[in-house]
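Chemist: Sequence:
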Amino acid sequence: MVYFKNNGKQNTPILERIQALAVTLERGQETHKEFVLHYCKGDTSAPDLYQPLERTRPAQGDGIVEAFRREMNEKDLATFHLSGIDASVKYAITDLDLGRFTSLIGSELTEHGLPVVIQAKPGALVVRYRRLSGAAAAMAAPGTE
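The numbering of the sequence shown is my numbering, which starts it at 1 and goes up by one.
If you're looking for bench data, these hints aren't it; they were derived computationally from the structure.
Errors might be hidden in some of the hints.
Claimed, not checked - Derived BS3-like pairs (lysine-lysine); straight-line CA-CA distance at most 30 Å: (1) K90 x K5; (2) K75 x K90; (3) K121 x K75.
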């Protein structure tokens, strides 16, 4: 998506000729993974919905979820299914706004999703998830690994 704003009093000629871009993206033969479109809202943008945005890094085993509760949404709980999750691995889940930490097994995230609670409306929350390695790491505090 591209956004232009003309602060002048007359039309800008270059903006009069903007056209849509049609492009084909192809993967190299060395990978068979699907493309991931980041920051796709995935909803109708209705005023009573949550607006989730996810940035995942499967190779690093981590990601960020930004969730926005819209003003007319009456539910303080939403569940988001994350991309790039390994069902057999434990993940550290950190609420970056409140500093709260928990851990979930990947199968819980893939089957049930990541529960997100935002009390305020409108409101926002940023959550970091990262893959933990081994049983000892599951007990570690966030950022100590």
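Chemist: State for each hint whether it applies.
Modeler: Hint by hint, here is what the structure shows:
Between the alpha carbons of K90 and K5 the distance comes to roughly 45 Å, so the proposed pair goes past 30 Å and is violated. Only pairs whose Cα atoms come within 30 Å are accepted, and K75 paired with K90 is accepted, the gap being roughly 28 Å. Of the pairs offered as hints, the one joining K121 and K75 holds, with about 9 Å between alpha carbons and a cut-off of 30 Å not exceeded.
Violated hints amount to a single one, hint 1; each of the other numbered hints is respected by the structure.
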